[in-house]
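Visitor: Single-letter residue listing:
There are 2 protein chains.
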Amino acid sequence: MTDLLLKSLDKQSSHPMQKQIYDIVRFAVLDHTLISGQKLPSSRALASDLKISRITISLAYDRLIAENYLITRAGNGTYVAPTLKQPLGAAPQSIHTQHSMQLSGRGSQLSFLPGGMGHTTGAFVPGVADSQAFPFHIWKRLIARHLSKGNLALSGYANHGGLSQLREAIAGYLKISRSVNCEPAQIIITSGTHQSVDLCARLLADVGDTAIVENPCHWAFPTVFAASGLEVAGGNVNDYGLDLENSYVPPRTKIVVVTPSHHYPTGVVMPLSRRLELLQSARAHNLWVIEDDYDSEFRYDGAPLPSLQGLDNDGRVIYIGTFSKAMFAGVRMGFLVVPSHLSKAFSRASTKLFRPGALHLQAALADFIYEGHFSQHIRKMRGEYSSRQDLLRFSLEKSLGDIVRLSSARAGLHVFAQFSADVNYQSVINESKREGIFLGTPCFVKNIPALENRCFVLGFGGVPLEKIETGVQSLTTAVSRSIDGERSSSSDPSDLGR
Amino acid sequence: MTDLLLKSLDKQSSHPMQKQIYDIVRFAVLDHTLISGQKLPSSRALASDLKISRITISLAYDRLIAENYLITRAGNGTYVAPTLKQPLGAAPQSIHTQHSMQLSGRGSQLSFLPGGMGHTTGAFVPGVADSQAFPFHIWKRLIARHLSKGNLALSGYANHGGLSQLREAIAGYLKISRSVNCEPAQIIITSGTHQSVDLCARLLADVGDTAIVENPCHWAFPTVFAASGLEVAGGNVNDYGLDLENSYVPPRTKIVVVTPSHHYPTGVVMPLSRRLELLQSARAHNLWVIEDDYDSEFRYDGAPLPSLQGLDNDGRVIYIGTFSKAMFAGVRMGFLVVPSHLSKAFSRASTKLFRPGALHLQAALADFIYEGHFSQHIRKMRGEYSSRQDLLRFSLEKSLGDIVRLSSARAGLHVFAQFSADVNYQSVINESKREGIFLGTPCFVKNIPALENRCFVLGFGGVPLEKIETGVQSLTTAVSRSIDGERSSSSDPSDLGR
Numbered sequence: 001m002t003d004l005l006l007k008s009l010d011k012q013s014s015h016p017m018q019k020q021i022y023d024i025v026r027f028a029v030l031d032h033t034l035i036s037g038q039k040l041p042s043s044r045a046l047a048s049d050l051k052i053s054r055i056t057i058s059l060a061y062d063r064l065i066a067e068n069y070l071i072t073r074a075g076n077g078t079y080v081a082p083t084l085k086q087p088l089g090a091a092p093q094s095i096h097t098q099h100s101m102q103l104s105g106r107g108s109q110l111s112f113l114p115g116g117m118g119h120t121t122g123a124f125v126p127g128v129a130d131s132q133a134f135p136f137h138i139w140k141r142l143i144a145r146h147l148s149k150g151n152l153a154l155s156g157y158a159n160h161g162g163l164s165q166l167r168e169a170i171a172g173y174l175k176i177s178r179s180v181n182c183e184p185a186q187i188i189i190t191s192g193t194h195q196s197v198d199l200c201a202r203l204l205a206d207v208g209d210t211a212i213v214e215n216p217c218h219w220a221f222p223t224v225f226a227a228s229g230l231e232v233a234g235g236n237v238n239d240y241g242l243d244l245e246n247s248y249v250p251p252r253t254k255i256v257v258v259t260p261s262h263h264y265p266t267g268v269v270m271p272l273s274r275r276l277e278l279l280q281s282a283r284a285h286n287l288w289v290i291e292d293d294y295d296s297e298f299r300y301d302g303a304p305l306p307s308l309q310g311l312d313n314d315g316r317v318i319y320i321g322t323f324s325k326a327m328f329a330g331v332r333m334g335f336l337v338v339p340s341h342l343s344k345a346f347s348r349a350s351t352k353l354f355r356p357g358a359l360h361l362q363a364a365l366a367d368f369i370y371e372g373h374f375s376q377h378i379r380k381m382r383g384e385y386s387s388r389q390d391l392l393r394f395s396l397e398k399s400l401g402d403i404v405r406l407s408s409a410r411a412g413l414h415v416f417a418q419f420s421a422d423v424n425y426q427s428v429i430n431e432s433k434r435e436g437i438f439l440g441t442p443c444f445v446k447n448i449p450a451l452e453n454r455c456f457v458l459g460f461g462g463v464p465l466e467k468i469e470t471g472v473q474s475l476t477t478a479v480s481r482s483i484d485g486e487r488s489s490s491s492d493p494s495d496l497g498r
Numbered sequence: 001m002t003d004l005l006l007k008s009l010d011k012q013s014s015h016p017m018q019k020q021i022y023d024i025v026r027f028a029v030l031d032h033t034l035i036s037g038q039k040l041p042s043s044r045a046l047a048s049d050l051k052i053s054r055i056t057i058s059l060a061y062d063r064l065i066a067e068n069y070l071i072t073r074a075g076n077g078t079y080v081a082p083t084l085k086q087p088l089g090a091a092p093q094s095i096h097t098q099h100s101m102q103l104s105g106r107g108s109q110l111s112f113l114p115g116g117m118g119h120t121t122g123a124f125v126p127g128v129a130d131s132q133a134f135p136f137h138i139w140k141r142l143i144a145r146h147l148s149k150g151n152l153a154l155s156g157y158a159n160h161g162g163l164s165q166l167r168e169a170i171a172g173y174l175k176i177s178r179s180v181n182c183e184p185a186q187i188i189i190t191s192g193t194h195q196s197v198d199l200c201a202r203l204l205a206d207v208g209d210t211a212i213v214e215n216p217c218h219w220a221f222p223t224v225f226a227a228s229g230l231e232v233a234g235g236n237v238n239d240y241g242l243d244l245e246n247s248y249v250p251p252r253t254k255i256v257v258v259t260p261s262h263h264y265p266t267g268v269v270m271p272l273s274r275r276l277e278l279l280q281s282a283r284a285h286n287l288w289v290i291e292d293d294y295d296s297e298f299r300y301d302g303a304p305l306p307s308l309q310g311l312d313n314d315g316r317v318i319y320i321g322t323f324s325k326a327m328f329a330g331v332r333m334g335f336l337v338v339p340s341h342l343s344k345a346f347s348r349a350s351t352k353l354f355r356p357g358a359l360h361l362q363a364a365l366a367d368f369i370y371e372g373h374f375s376q377h378i379r380k381m382r383g384e385y386s387s388r389q390d391l392l393r394f395s396l397e398k399s400l401g402d403i404v405r406l407s408s409a410r411a412g413l414h415v416f417a418q419f420s421a422d423v424n425y426q427s428v429i430n431e432s433k434r435e436g437i438f439l440g441t442p443c444f445v446k447n448i449p450a451l452e453n454r455c456f457v458l459g460f461g462g463v464p465l466e467k468i469e470t471g472v473q474s475l476t477t478a479v480s481r482s483i484d485g486e487r488s489s490s491s492d493p494s495d496l497g498r
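Order-wise, the sequence lines are chains A and B.
Going by the numbering used here, the first sequence opens with residue 1, and the numbers climb by one from there.
Going by the numbering used here, the second sequence opens with residue 1, and the numbers climb by one from there.
Honestly, the hints are just simulated from the structure, not real lab data.
Some clues are possibly wrong.
No distinction is drawn between identical chains; accordingly, a pair holds when it is met within one copy or between any pair of copies.
[Stated by the list, open to error] In silico DSS-like pairs for lysine-lysine, Cα to Cα no more than 27 Å straight-line: (1) K433 / K344; (2) K344 / K175; (3) K39 / K7; (4) K398 / K433; (5) K7 / K175; (6) K175 / K11; (7) K433 / K352; (8) K380 / K19; (9) K175 / K19; (10) K51 / K7; (11) K467 / K398; (12) K19 / K51.
Chain A with its partners taken away, still in its complex shape:
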C-alpha cells in the first residue's frame, strides 16, 4: 500500500493530494490490488513515509470509509472492506465489438429513417426562417419580464396543455386568420411539430396501425410515426394535393396527414373540392386527419385558404401549427388544436409523457402575440420573403429554365424544383456542396414510384435577398459541371451506356 502510493502519487500534479490518494486506493480496492480484509497503514505512519501532512491522509481515509471502500475496527486500525469476491472485471477488449449489448431493433431502425439536414443556415437549406430579421430585442425584453420572482408559478411545470394566456392568444389568432374552429381548451402547447406528431401517434394509433402520409412529405412524419411503432404508407399527391380517394388505404389505417394549404414540399395548394372529398373519404375509412399548417402565414398572393379543420364537422381533424417558421427555428414552440372531446386526454398525456415547463417562454410568446409584435413581424417578413421568392424564381428560370420546372404556389419559405431527366441527381448534390450550396431533398415514402432523383427543395428563409443571385449562380455552376461530368463519363470507352 505504501509502495503503491509512493509509486503513483504525483506531487507536481495540480490534483490535490487528498484526491489522488482517494483515487489510487479506490481503484486498488476495486481491482483487488488491495484485498478485502487487508490492514492499511495508519495515517500517522503513511504521512511520515509519504512526507505529506497527516490530515491529508486522514481526509482521504475518511472519504473512503464513508463510501464503504474501507472500514475501521474500533481501536484497531483501518481495513479494506469486504466488497466482491472477484474483482469487478476488466473492460471487454473493445466495447465496439461487444455484440451482446446492442441497440433495440427500433433503435437500429431509427438510423435508417429519414432525418433533417445537418446544416441549419445558408443557401438553400430548407425549413429555416430568417432569424437575422427577428426582433430579438423585443423577445429578450418579454422573456426578461417574466423571468423574475414576480410570478413564481411560471418557474414550475406546465400542466393542462400549457399557459392559459398563450392558449387564448393562439385560439384567437387561429379563428381570425385561419378560420380554425376552436376554444382555448382545445389548444395543447408542445415543443414543436415533432412533439405534436409524437403525441398524435401515441394517442390515436397503436403499434402496427398505419398512418398515411403524403408522398412526398416532410421527414418528421414517417420518422416519428415509425419510431412509435406505426406502419407508414404513402398517399398519392397530384395537382390538387393528396388524393386519398385514389390512394391505397391499408387495413388498420388510423391516421392520414395532409398539408392542404401548401403541400410540403411540392407546393400544391389543395382546392376546396378536394378538401371536402378528403374529409368524406376520411370519414368513410374512419381516419383521424392531421392537418399540418406549417407555413400558412406566408402567402404572397392573397390570403391562404381557410383551414381544413374549419370544414370538419366530425371532430376528426387535428390541426398542427408551429412558431418555427414565423419566428425562428430554435424557439421550439408549437401547438395542436384537438377536437374538444379529446382536449383532456391530450393535455393529460402531454403532462405525463413530456412533463413540460418553460412557462416563461410561453408567457413571453403570449405577450408577443397580444402586443402585436407577432403580426407585425409576419407582415414584415411576408414582404421580404415574397421578394426573395420572386428573385429566386426569376434567377432560376433565367439560368436553368431549360432544365428545371418550378412549383407554382407563391407561398412559404421554399421553392420546389424538378430537374429534367438527364441531370444526375447525386452529382448535382455533390457539385453544389463544393460550391457551398446545400440542396434539400424531398422525402419519399418507400415502395412508391419516385421522382426523387430529380427534385430539390430550395429554401430561401435563411438566405438574404442579396445572396440569392450568387446562390443561383453557384448552383448553375454546379449543375453545368455535373452535366459535363456526365458527358465525359458517358464518352469514356469503358462506359457500357445507360
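With chain A's structure known, arrange chain B on it following the hints.
Guide: Chain B only, in chain A's frame:
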C-alpha cells in the same frame, strides 16, 4: 340567396359585413342550401337589395371565388362552384357518444398510468426546488447575452446532442463532483428526465421487452416505459436499495433503473457492495442500467457516494441528470451520459425524434456553470435545504413521532414518512387537503405487496423554512382528525369491523 342574406345579416354586429357575407355564403355552399351551378345575384343588385356598399359585396365574392366556393363565367356572372355531390353532412348528434372515433389502446391506457401532482407549489409538494431562492437576475442576464443577433447559430436547431460548450461544462462538472467517467461527446442534452427516459426506452428496448424499476419508484419511469410499449416489473428494494440479485427478472428484460445515490422515494443510499453486486447481476442478465442521479447535489452529511456509472467497466450504465432540482422545475433541461459506443446513435436519435433547439438556453446554462453561479447556488441551497430538512424531521418527530417512521438519509428535497398501520391513508390525504397540505404518494408497481397505504413523500423544496412548522401542525391536525374519524366510524353499530 338575397333572402338568405336578408334573414341572416346582422348590421348591429361587430363582425364586418364583408366577413358575415362570406361566412353565410360559404356555409350555404357547404350544406347545399346553395346548389352547385346556381347563379348568384350580381354585386350591384345585391348591394341595392341589402342596402350596403357594392364594394363590400365584391370583396366577399372575390374571397369566395379565390377559395373555390364560387366561380365566375366570363361576362356571365357568378355561380356556386361544383363541390360535392352530397352535402358534407351534419355533425353527429353528439361527438362524445360517437364511438367510432376513439383514442388508441395505448392512448386510453395512458390515462390509467401514474402521473405527477397537479399542484406545483406549497407544503409538501414533492419534486420541486425553491425557485424563490433562484438567482433569476443572473439567469435573465445570461439568456439576454445569447438572445441577440451576435450568434445566429443559436437560433437554429440543435444537432449533435446539444451545444458543445454545455456538454463540456456538464462533463467537467460530473467528472469532479460525481466521479462520472465521461467525455463531452457522451453527453446528450434533453428537455428533462422524461425525454431522457423516452430516448432510452426507444433506443434500448423493443415493444414487449421489460424494464425493471425500483418498487416504489418515480412515476416517470413506469409511465414513459409503458407509453413506449415496454412491460414494467418492480424490483425489490431493501435497506441497501435495489436488490436485483433477489428480484424476478422476466425474460426479455432489457433495462433496469436505479437511484443508487438516494432511492426515490424511500431515501435509501446504496452502499458500495450492493452497487458492485448490481453491476454483476446486470451483466449476468445482460441488462442496460439506467442510473437516475436526480438530486445528488443535495447531501447534508458529506459528499454523496460517487456515481454507479464510474464503477461501470462494460459500457452498460446510462446516467441521467437534471437541472430541475438544482435550478428550478420549469427550466426543462436535463441530460444523459451514454456509453461512448452509443453516443452517435443517441445524438442522432435525439435530433430525429425531438428536433431540439433552444440553444440560447443551453448557452446560458453553460455560462451559468462556467462562471460559478451554479456551484454557488448549490452551496447556498445545500445549507438552506439542510436546515429545512432538520426542522421538518424535528417537527414530525415531535408531533407525530409515535405513529410515523422517517427515512434516514439526510439528502435531497424530500422526507419519506411511513405511518403506523392504524392510520387510514385516504382519509389522511383528504383531511390534509382540507388543511391546504398536499402529500406526495409513492408510486408502487402493481402486483407487488405494497406498503402504499401507509407512506407519504413530503417535499420541502418549495416550502420556506418559516412555513415548515405550520405545515407540520396542519398535517398533525389532519392526521388527528383522520384518526378520530376512524374511531367514530369504528364505533358505528353498523360497522362490521375490519
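Visitor: Are the hints correct? Go through all of them and say.
Guide: Here is what the structure says about each hint:
no., hint, result
1, K433 / K344, "between (48 Å within a copy, 23 Å between copies)"
2, K344 / K175, "within (21 Å within a copy, 43 Å between copies)"
3, K39 / K7, "within (19 Å within a copy, 101 Å between copies)"
4, K398 / K433, "within (22 Å within a copy, 73 Å between copies)"
5, K7 / K175, "between (76 Å within a copy, 24 Å between copies)"
6, K175 / K11, "between (72 Å within a copy, 21 Å between copies)"
7, K433 / K352, "between (43 Å within a copy, 22 Å between copies)"
8, K380 / K19, "between (59 Å within a copy, 24 Å between copies)"
9, K175 / K19, "between (63 Å within a copy, 12 Å between copies)"
10, K51 / K7, "within (13 Å within a copy, 103 Å between copies)"
11, K467 / K398, "within (16 Å within a copy, 74 Å between copies)"
12, K19 / K51, "within (16 Å within a copy, 91 Å between copies)"
Comparing the model with each earlier hint shows no violations; every hint is respected.
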